[in-house]
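Trainee: Read off the chains here:
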Amino acid sequence: MIRMLSMLLCLSLFFMLLAGCWSRRELDELGISVGIGIDKAGKGYKVTTQVVSPGEIAAAKPSGNRAPVTVYEATGETVIEAIRKITTMSSRPIYLAHLRVLVIGEALAREGIHKPLDHFSRDHEVRTDYFVIVAKGTTASNVLKILTPIEKIPANNLYLSLDTSQKEWAPAATVTLDELISDIVSDGKNPALSAVKVVDKQIGQTQKNIEIIKPPGHLRFSGIAVFRDDKLIGFLNEKESKGYNYVTDNVKNTVGSMACPNGEKIAVEIMKSKTKVKAKMSNGNPRIEIKVSMEDNIGEVECQIDITKRETIAELEKIAERRVHDNIMNTVKKVQRDLKVDIFGFGEAMRMENPAAWNQLKQNWNERFSDLDVFVTADVKIRRIGTVANSFHKEGEE
Amino acid sequence: MTGDGFEMTGKVQISLRQFTVLVMFYSIGTTILVIPAALAATAKQNAWIAAFAGWLLSLIITALYVKLGSLFPRRSIVQYAALLTGGWIGKPISLLFIFYSFVGAATVLYYMGNFMTTQVMPETPIEAFIVLFAGLVVFGLRLGLEVLARTAEILFPWFVVLFVVLTIFLLPEIEMKNIRPVAEIAFKPILSGAISYISYSSLPLIVFFMIFPANLNRKREAGKAFLIGTLVGGIFVIIVTFLCISILGADFTERNMFPSYALAKKINIGNFVERVEILIAGIWFMTIFFKTVLYAYGFVAGLAHLFECEDYRPLVLPSGMILAASSLVVYPNVVYMLEFDSTVYVPFSFAIGLALPLLLLLVAGLIRKKRNH
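Listed in order, the protein sequences are those of chains A and B.
Letter by letter, the first sequence follows residues 1 to 398 of our numbering.
Letter by letter, the second sequence follows residues 1001 to 1373 of our numbering.
Read the hints as simulated data drawn from the structure, not as lab findings.
Treat the hints with care, as some may be off.
[Unchecked claim] Below, in silico cross-link-like pairs of lysine-lysine (DSBU-like), each with a Cα-Cα straight-line distance of 35 Å or less:
| no. | chain 1 | residue 1 | chain 2 | residue 2 |
| --- | --- | --- | --- | --- |
| 1 | B | K1177 | A | K362 |
| 2 | B | K1369 | A | K115 |
| 3 | B | K1266 | A | K252 |
| 4 | A | K381 | A | K276 |
| 5 | B | K1266 | A | K278 |
| 6 | A | K278 | A | K208 |
| 7 | B | K1067 | B | K1369 |
| 8 | A | K278 | B | K1265 |
| 9 | A | K309 | A | K197 |
| 10 | B | K1266 | A | K85 |
[As the list claims (entries may be wrong)] Label-pair restraints from in silico Cβ distances:
| no. | chain 1 | residue 1 | chain 2 | residue 2 | range |
| --- | --- | --- | --- | --- | --- |
| 11 | A | A356 | B | E1173 | 28 to 34 Å |
| 12 | A | Q202 | B | E1173 | 40 to 46 Å |
| 13 | B | V1273 | A | D338 | 43 to 49 Å |
| 14 | A | K197 | B | F1272 | 44 to 50 Å |
| 15 | B | Y1336 | A | Q202 | 51 to 57 Å |
| 16 | B | F1272 | A | D249 | 53 to 59 Å |
| 17 | A | S90 | B | P1172 | 35 to 41 Å |
[Claimed, not checked] Computed list of chain A residues with no C-beta within reach of chain B, every gap over 12 Å:
| no. | residue |
| --- | --- |
| 18 | M1 |
| 19 | M4 |
| 20 | K43 |
| 21 | D178 |
| 22 | I233 |
| 23 | C303 |
| 24 | W358 |
| 25 | H393 |
Because the structure is a prediction, the values reported are computed rather than measured.
Note that CB positions come from ideal geometry on N, CA and C, so glycine has one too.
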């Protein structure tokens, strides 16, 4: 009898374990936040979060008359307070593990971003795999309120469009939180983030926006935001952003047009691009050598040349090399002259190549950066010319 | 101080292979969770070189242990400390050793609970993890050394599989620029890194003197098994440190509480195999279990030998309760833990793990010299 009782007692202990996790949270109890925006608000922050409305996203038949996402806003002295305050409006606690984008309003970015970002690196729930972007000329809150076509979740749209434009067009910077932090703490590189613009925010915030075939309200990435340490100081335009990506070796695939020898245009698709940045000391002065090697295909011919000739290809390679060279040089010159911060990581290159010299240089690196000697060599190989040889307009003239 | 009561040490026999695996698990222990951050704090991008240097030092320390162990093939450290220096000095020395094992077991329990409440389930009270884990340790100790050794042998392949999966999945994330410049090697940070490595990973191996070599079935090759265990364990730690530095970068590794967990979070194969970090955490659940259980074994078996008990088992349950309770108070907060580990713990570990065996070796040498004259 006692044996039986003790057995039962032991067995009942297992129920404690079988009852499941202490900290369990079911999917239908979470407000899954896909985008979060931080703006300045008085002394504290305004946090805007885009939360998916599961009924509209996951259901087989969405009702259609509700927005696929909801935006909550709250202000607080600190970021975490503002996030918790959202529960006064939302039925579910905000769950940040599926975050796709973190948007920072321009006004806050100009003041400095390291304070509001601490919570995102400290909290156990937040990962580091989302993109950090800057709202150009507007607030983060406006960016997160635009409804987008095709992708039901606007934050997903931002994430994917940044990712694809980086892969196919190369004027953007896909920076995740951990990369951003290491750029902020590094002496030899300053951060650069993608900037996003809001077009027609009035209509963009309504469901009507995505009922129109060409939604008037939309988001568009436009160039790169340049930081000094953690403060926004300016923007690069699209062309300069591409130059930036050439230097930092982030070009995967892009296209560029150039002038033919006789003046009209020809476009090439860059299939492969590899950049090496070397930092050297010559006569006590730092010297940066950038070497770009690319493989191109011809993508569009609008001028009267015979591209079936080897000399023509060689000549086009020369033109393409000059073009890339000029683009990089102009970007570097502009950053050296106007922004005066090393966003290219030349200092990092120096630290890796010549640690001893770097220890001397790092004290006033940003000042030195402005009058660094930068040399660019480009090596372009045109490999293929597409599915036809010469363009048909040539034949039409004969 | 000799008698039949001491022969019980040799009754339980484990195989050399089991011993090797135990040593390996033990030297990986909590080291795998915390050492990358500690090494990156001093040696920056050369943390993996510091781990390598620590690994070499740990082989020397193991060689010293093997030497000491070979002098007393049938007795535990508690027994021969009393034998060598007499009861009045030997017993307090043994108490120091037992205290060290106790503190080790309590802190490792805290580590386990702290990891779970910081990274995985912050709302769950730390007591829940500690009581469950301490229960497991008590269970293991009551079943005895042979069962623990067999468990280690069974878990070893699983450990290797998880580790290989982690490493392979992380290979695409490696960025060699993070470990450069390799040339920026300074002697001092590497040495201080190596010292913290051995104080976490190899000096605590002293608790094996409760097993080594008295409980091994082939005592002649026991030293080799000890060395191989440390060698293999160290290789795993070096690999993890290298992955941390080359993937997370020195700065992020240094700032992270648990860099190897942050590392596992980085796994993303084609947006499909991702968010698997908790499976990878299985690696350290295994290693931390063996570290705790062996520390606790050092504590209870040490007590049993000190008081010349027939068996250590009656002490296990009360000791487990004391351990669980003291693990909750051993560190008042995380910052205290970080400070204790980087300041007090290092000399503490050196005193017990290095000075104590050196002293015993010296006394043994003197006695032998006297006898020869």
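Trainee: Indicate, hint by hint, whether the structure satisfies it.
Mentor: So, going through the hints one by one against the coordinates:
With a CA separation close to 18 Å, the supplied pair K1177 of chain B and K362 of chain A stays within the 35 Å bound. The suggested pairing of K1369 of chain B with K115 of chain A is violated, with an alpha-carbon distance near 67 Å, which exceeds 35 Å. The suggested pairing of K1266 of chain B with K252 of chain A holds, with an alpha-carbon distance near 22 Å, which does not exceed 35 Å. A threshold of 35 Å between alpha carbons decides the hint, and for K381 of chain A with K276 of chain A the separation of about 17 Å falls inside it, so the pair holds.
Taking the CA atoms of K1266 of chain B and K278 of chain A, the gap is about 29 Å. The hint holds against a cut of 35 Å. For the hint linking K278 of chain A to K208 of chain A, the alpha-carbon distance of about 53 Å lies beyond 35 Å, and the restraint is violated. Distance restraint check for K1067 of chain B and K1369 of chain B: the Cα-Cα separation of roughly 17 Å lies within the 35 Å cut-off, and the hinted pair is therefore satisfied. The hinted pair formed by K278 of chain A and K1265 of chain B meets the criterion: a straight-line CA distance of about 32 Å does not exceed 35 Å.
The hinted pair formed by K309 of chain A and K197 of chain A fails the criterion: a straight-line CA distance of about 45 Å is larger than 35 Å. Between K1266 of chain B and K85 of chain A the alpha-carbon distance is near 30 Å, which keeps this suggested pair within the 35 Å criterion. Take A356 of chain A and E1173 of chain B: their Cβ atoms lie about 30 Å apart, and the range 28 to 34 Å holds. Between Q202 of chain A and E1173 of chain B, the C-beta spacing of about 43 Å keeps the proposed range 40 to 46 Å intact.
Between V1273 of chain B and D338 of chain A the CB atoms are about 44 Å apart, so this pair conforms to the stated range of 43 to 49 Å. The supplied range of 44 to 50 Å is broken by K197 of chain A and F1272 of chain B, whose beta-carbon atoms lie about 33 Å from each other. At roughly 55 Å, the beta carbons of Y1336 of chain B and Q202 of chain A sit within the given window of 51 to 57 Å. Range check, F1272 of chain B to D249 of chain A: Cβ separation about 27 Å, and the 53 to 59 Å hint is violated.
The hinted window of 35 to 41 Å between S90 of chain A and P1172 of chain B holds, with their beta carbons roughly 37 Å apart. Look at M1 of chain A: its CB is around 25 Å from the nearest CB on chain B, clear of 12 Å, so calling it non-interface holds up. Residue placement check: M4 of chain A keeps its beta carbon more than 12 Å from all beta carbons of chain B (closest about 22 Å). With a least beta-carbon separation of about 27 Å from chain B, K43 of chain A lies farther than 12 Å from that chain, consistent with its non-interface assignment.
Once the 12 Å rule is applied to beta carbons, D178 of chain A is inconsistent with being away from chain B; the minimum gap is 6 Å. With a closest Cβ-Cβ approach of about 23 Å to chain B, I233 of chain A is found to remain outside the 12 Å limit, as its non-interface label requires. Against the 12 Å criterion, C303 of chain A stays outside the reach of chain B, whose nearest CB is about 41 Å from its own CB. Remark: the non-interface label on W358 of chain A conflicts with the geometry, its nearest Cβ contact in chain B lying 9 Å away (cut-off 12 Å).
The beta carbon of H393 of chain A sits about 43 Å from the closest Cβ of chain B, which is more than 12 Å, so the claim that it is off the interface holds.
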